[in-house]
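Chemist: Listed below are the residues making up each chain.
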Amino acid sequence: MLRIPCPWCGPRDEPEFRWGGEVPLVRPGPPQAVTESAWAEYLFMRDNPKGLVRERWLHTLGCRQWFIVVRNTATHEIQATSALGDPLPEIRP
Amino acid sequence: MRRLWLPNYTYVYTMTHIRTEQSAAMRFSALALARNAASFHENWPQLWRSPTPQSRYDVIIVGGGGHGLATAYYLAKEHGISKVAVIERGWLGGGNTGRNTTVVRSNYFYPESAHFYDFALRLYEGLSRELGFNVMLSQRGMLTIGHSAHHLELLARWVNALQLNGVDGELLNADQVREWLPLLNNSAAARYPLRGGLLQRRGGIARHDAVAWGYARAADALGVDVIQNCEVLGFIRDGERIVGVETTQGQLRAPKIALAVAGHSSVLAAKAGFRLPVTSYALQAFVTEPVKPVLSCVALSMATGVYLSQSDKGELVVGGGLDLYPSYAQRGNLPTLQGVVAGLLELFPCFSRLRLLRQWAGIVDVVHDSTPIIDKAPVSGIYLNCGWGTGGFKAIPGGGFVFAHLLATDRPHKLAEGFTLKRFASGALIDEAAAAGISH
Ligand SMILES: Cc1cc2nc3c(=O)[nH]c(=O)nc-3n(C[C@H](O)[C@H](O)[C@H](O)COP(=O)(O)OP(=O)(O)OC[C@H]3O[C@@H](n4cnc5c(N)ncnc54)[C@H](O)[C@@H]3O)c2cc1C
Ligand SMILES: [Zn+2]
Numbered sequence: 019m020l021r022i023p024c025p026w027c028g029p030r031d032e033p034e035f036r037w038g039g040e041v042p043l044v045r046p047g048p049p050q051a052v053t054e055s056a057w058a059e060y061l062f063m064r065d066n067p068k069g070l071v072r073e074r075w076l077h078t079l080g081c082r083q084w085f086i087v088v089r090n091t092a093t094h095e096i097q098a099t100s101a102l103g104d105p106l107p108e109i110r111p
Numbered sequence: 519m520r521r522l523w524l525p526n527y528t529y530v531y532t533m534t535h536i537r538t539e540q541s542a543a544m545r546f547s548a549l550a551l552a553r554n555a556a557s558f559h560e561n562w563p564q565l566w567r568s569p570t571p572q573s574r575y576d577v578i579i580v581g582g583g584g585h586g587l588a589t590a591y592y593l594a595k596e597h598g599i600s601k602v603a604v605i606e607r608g609w610l611g612g613g614n615t616g617r618n619t620t621v622v623r624s625n626y627f628y629p630e631s632a633h634f635y636d637f638a639l640r641l642y643e644g645l646s647r648e649l650g651f652n653v654m655l656s657q658r659g660m661l662t663i664g665h666s667a668h669h670l671e672l673l674a675r676w677v678n679a680l681q682l683n684g685v686d687g688e689l690l691n692a693d694q695v696r697e698w699l700p701l702l703n704n705s706a707a708a709r710y711p712l713r714g715g716l717l718q719r720r721g722g723i724a725r726h727d728a729v730a731w732g733y734a735r736a737a738d739a740l741g742v743d744v745i746q747n748c749e750v751l752g753f754i755r756d757g758e759r760i761v762g763v764e765t766t767q768g769q770l771r772a773p774k775i776a777l778a779v780a781g782h783s784s785v786l787a788a789k790a791g792f793r794l795p796v797t798s799y800a801l802q803a804f805v806t807e808p809v810k811p812v813l814s815c816v817a818l819s820m821a822t823g824v825y826l827s828q829s830d831k832g833e834l835v836v837g838g839g840l841d842l843y844p845s846y847a848q849r850g851n852l853p854t855l856q857g858v859v860a861g862l863l864e865l866f867p868c869f870s871r872l873r874l875l876r877q878w879a880g881i882v883d884v885v886h887d888s889t890p891i892i893d894k895a896p897v898s899g900i901y902l903n904c905g906w907g908t909g910g911f912k913a914i915p916g917g918g919f920v921f922a923h924l925l926a927t928d929r930p931h932k933l934a935e936g937f938t939l940k941r942f943a944s945g946a947l948i949d950e951a952a953a954a955g956i957s958h
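Line by line, the protein sequences give chains A and B.
Numbering of the first sequence is given in the numbering used here, commencing with residue 19 and proceeding in unit increments.
Numbering of the second sequence is given in the numbering used here, commencing with residue 519 and proceeding in unit increments.
Be aware that a few hints might be false.
[What the hints assert, rightly or not] Here are the simulated DSSO-like pairs of lysine-lysine, each with C-alpha atoms no more than 27 angstroms apart in a straight line:
#1 B/K601 - B/K932
#2 A/K68 - B/K894
#3 B/K810 - B/K831
#4 B/K894 - B/K932
#5 A/K68 - B/K940
#6 B/K601 - B/K894
#7 B/K789 - A/K68
#8 B/K789 - B/K940
#9 B/K601 - B/K789
Simulated from the structure, these hints should not be mistaken for lab results.
Owing to the predicted nature of the structure, the values given are computational and were not obtained by experimental measurement.
The shape of chain B in the complex, shown without the other chains (with noise of 0.2 angstroms):
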């Protein structure tokens, strides 16, 4: 109806009408946002199809969050194999990729983690370009804050490491974290007192959703199907290999079973008759009323393993550590909650009268070395990526690049090399956890 006025009704309504029609390869510009603008922005076109399932494809990734879209985007891309399916039971990014807090970054220890982690944040640096979809990443840093002798020396040692690696990374004095974060607490009966910090300018934070959405818009733009809605129940077998899968929307075959369904691997990998150094545990997160800025980095604590950010609407978005047992329940604990809270508040006294607006968690795959798994399953036919725990939003497009490598080529990419299943037997951990002295 508010449509009746505009004096090129007739035009709008035509060019409307086709856009609908045409795939959702259109990219954003000024110049769509101007035309979409004189129609009340009602006729944007849907950003993917949603195609029946065939019964045949090259390639079924299982899990639509950030992985398996990703791996979807550049298996098309970089290796012309476009006949693939993204299985997703729920909705895109319903997973723990729509419920992170979205920090990136690339400052891990060790030469196998850095390298790849660094090459993901560069993916990052040129993804909104790459997807023509705004992942709004802001690298506004992310601060390590010490808050004694024994962090400084963490620290020295880390800073040390990333300068090795060709990582960005600089020590601060306790003046210069003050500095970057004047409402911290500063006082000299500070439970957690300022040291020092550990800064890496190219951190910093992305919009998770729309990670998601440009990825799968771009896969389906490349000829991928993604299928919502959709779950696998289990495996079709041909003898010793997995041929395909059983879902809620009928069989669907394929030479190559891809999972990448994060909290899920070992439920998965059960039906299919293995398992996997992997424990599910649930990770929360919660956003406070927004308030006017007050937060300029990515703040992390090394004592209370506590982290925030500050959203474009204003609500601190705060995490910190697991929950204490394995949980697929997708809702967190309250004792976590509480410890998570009491951190935060001897960090930033000020923070007390905020109120928490919304609480949730996710699902998250933990290994004991923080460090993923890009290779083939022990029962032919099937590809894993798991393992990314607490951290695998900032591996996206690393991830999504490696494990299309892998499951193109049979062969593991270069910067994927050491995440394999066999080191658990070889010994040859990449052991993040204990040498970041972080819990992300």
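Okay, chain A solo, but in the shape it has when bound (with noise of 0.2 angstroms):
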């Protein structure tokens, strides 16, 4: 079970909680500019690192804000959590 300290509800539980992706992620565009491989980049291709890793979160069963979490995949050790518009956590490792 993880606890996920929300930055605006403080620690919670992770049923309260849904995994949203990596970050960051930047949508290619323009459109009609992006090509068939950027475009496969940004929807399908991922780091999927085990260990430290930036991603969104949603606390949907609370305040319904998205947040960035800094979790460890292999040991799912929390690191850090920061609000959205904040600067992006570093990575420390």
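Combine both chains into one complex, guided by the hints.
Modeler: Written out as structure tokens, the structure reads:
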């Protein structure tokens, strides 16, 4: 069970949240200039690292805000969280 | 000591002595069983050698799960390529192959998957004989349960696809499902009422370890080096090409490196400098204490995603959906376990007194369309077998067969032509996830 410190609500249990993917993930554009392989990179290709990763989470059953989590996928340790508008937190190795 | 009173002690000793020296090619037979009974089964030969790695191979396969081992076997058997090494970080089958709930079936929706998975199931049907190793295939039937009018429509659409693709499958009405699953919650108040089902009679289960061991033994007998406790740490490059692997047991070189590492595909891809459309999740399974026979088929509920079968020992083997976020922690988290158990008890309230004996997880390689990738990697010298996600055990004989074909001929096998990486750019996805309406 993860305990995730929401930047707005404080620490809450995993079932209140929804995982929302790796960041940064920047949508390419304008659409007519984007190649098929650039779309594939954006839509499907992922780092999927074993270790620390920055990802977006949604506090579905709480404040319903998106925010950023730095998490270790090998240990499930949560290193930091931050609000969406803030600069992306650094990954401390 | 116990052998001393055997009248033919010398004879038994000499025979077993010779047997341990010879290769593992000895087939199991009633005669071999009787002979070994005479020496208390203490002298069976090792099933495969434990060779020291050579510095050069024609093909190096990374990953000693079912897919890696089957690939090695078919490379040697079908293509005469036996200067092959299978390199496994831990022990054979210690990844998803030895952690899975062993359901085999071929009731997929789209022609590409239906033809491929049915080919794999047909190979399973002859596998014990082919490998001389009992993989304990039990075609006890796979029953998907529908709980609503919408489910029945989906099932009808699905069974039509099966029949068009030449795969066996039949619709059952509620009474027929009840005959198959007498313990299923049948009360008027059931949260998931029973409306009907889809039965694939050729579906069932097989013994996961036996599949890995059978392929390992048969590949070894054809000259393949099966090397355990050897982790691939990185790749050796020659310009743009990958020409070998750095391992915990030194450098090994080969013109073709085949990755069959399931949930670790992205990790090795990153070391070779490319990315994959793969996300790694934990998938859990649970086993109850053993009880007398209560369940004759494999049952899957469309509403809960929970599925179960009963092992020969009497344990109920239960699985469900993925954990909720990417993970390489091979243990699984409590909320998913709770969800699966809740679903199980809605379906079978009478199981509420059973205790779970064991729980575990494997790290599975999920792609967006639930269709595998059997293709060359974007970096030359590397070949990919991944994307099996939650359902690649049933595919093992087929996956090994078509991957060996790609490695030997540099062309995709006819059955795997759609299983490319470029489908993610072209849009030619084979979206089994949405089509089949089930989690597995
Ligand atoms: C709980 C659970 C239930 C499942 N139930 C079913 C089911 O009922 N039916 C079904 O069809 N499928 C099922 N699956 C899926 C199925 O188990 C997998 O798709 C299949 O076993 C994959 O086989 P594989 O050989 O590709 O991978 P694995 O068996 O995982 O083998 C990959 C191997 O690569 C090794 N490896 C990784 N990195 C390295 C490295 N750097 N160097 C050397 N070796 C490395 C690993 O140690 C591992 O042994 C289930 C999976 C799980 C986890
Ligand atoms: Zn919150």
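Chemist: All hints, please: hold or fail.
Modeler: Structure-based check of each hint:
no.: 1; hint: B/K601 - B/K932; result: holds (25 angstroms)
no.: 2; hint: A/K68 - B/K894; result: holds (23 angstroms)
no.: 3; hint: B/K810 - B/K831; result: holds (9 angstroms)
no.: 4; hint: B/K894 - B/K932; result: holds (15 angstroms)
no.: 5; hint: A/K68 - B/K940; result: holds (25 angstroms)
no.: 6; hint: B/K601 - B/K894; result: holds (20 angstroms)
no.: 7; hint: B/K789 - A/K68; result: holds (12 angstroms)
no.: 8; hint: B/K789 - B/K940; result: holds (21 angstroms)
no.: 9; hint: B/K601 - B/K789; result: holds (25 angstroms)
Of the hints listed earlier, there is not a single one the structure fails to meet.
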